[in-house]
Amino acid sequence: SQTIHQWPATLVQPVGSPLSLECTVEGTSNPNLYWYRQAAGRGLQLLFYSVGIGQISSEVPQNLSASRPQDRQFILSSKKLLLSDSGFYLCAWSVGQGNQPQHFGDGTRLSIL
Amino acid sequence: AQSVTQPDIHITVSEGASLELRCNYSYGATPYLFWYVQSPGQGLQLLLKYFSGDTLVQGIKGFEAEFKRSQSSFNLRKPSVHWSDAAEYFCAVGSGGYQKVTFGIGTKLQVIP
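Heads up: the protein sequence lines correspond to chains A and B, in order. The opening residue of the first sequence carries number 3 in this note's numbering; numbering runs sequentially from there. The opening residue of the second sequence carries number 2 in this note's numbering; numbering runs sequentially from there.
Hint data in this document are derived by calculation from the structure and do not stem from the laboratory. Note that this is a predicted model, so its numbers are computed, not measured. One thing to keep in mind: the hints can contain errors.
[As the list claims (entries may be wrong)] With a Cα cut of at most 30 Å, we get these calculated BS3-like pairs of lysine-lysine:
id	chain 1	residue 1	chain 2	residue 2
1	B	K101	A	K81
2	B	K69	B	K50
3	B	K50	A	K82
4	B	K62	B	K101
5	B	K50	B	K109
6	B	K109	B	K62
Throw the hints in and build the complete structure from the sequences for me.
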């Protein structure tokens, strides 16, 4: 069966420090991969999606970037964190056509001090 | 552009009572519709999905949802709520292509004894 792993679960970082959040999927090939940020009362905001290795699409201009170095690995990064980058970050995967649902990891709680 | 409205931000029900969470969507074609549940500090878990066919969809944990095209709605229901159902519920609408999914802002369910 397919599984998705996100780490770390929680992270506290100072303003201006770099960031790397990792997400890996097991049990499937060539998944679509997504990074979301969730803020209280605002639902989920799609940050990046990827349909293949090295293919990244950005939905919202921001201080973050994403990379997909391997088929089932998706990384969210920043060179210098801002206070506004605090939030709950979720990785998700899906396969196939638009009628297939997305499946989520357990998320990373990022706090910027 | 597609959109989702969840008009109730917070709902409180008594254990054993019935539940209905409202969801209205906006999409030009036949939508792909989803309901997810999120426990505190966790990722989103898929409850059920609608693509076509029978407009009453059964999901996990005793939940069901009914697609009503004339009302652009996809309300989630459960006949008897358990304390463990306390969580946040998200309705989502998807389209084809890379599966861009738009999420509602969520409805937080509180269950009282």
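Checked hints:
| no. | hint | result |
| --- | --- | --- |
| 1 | B:K101 with A:K81 | holds, 27 Å |
| 2 | B:K69 with B:K50 | holds, 14 Å |
| 3 | B:K50 with A:K82 | violated, 39 Å |
| 4 | B:K62 with B:K101 | holds, 26 Å |
| 5 | B:K50 with B:K109 | holds, 20 Å |
| 6 | B:K109 with B:K62 | holds, 17 Å |
Going through the hint list in order, the structure does not satisfy hint 3, though it satisfies all others.
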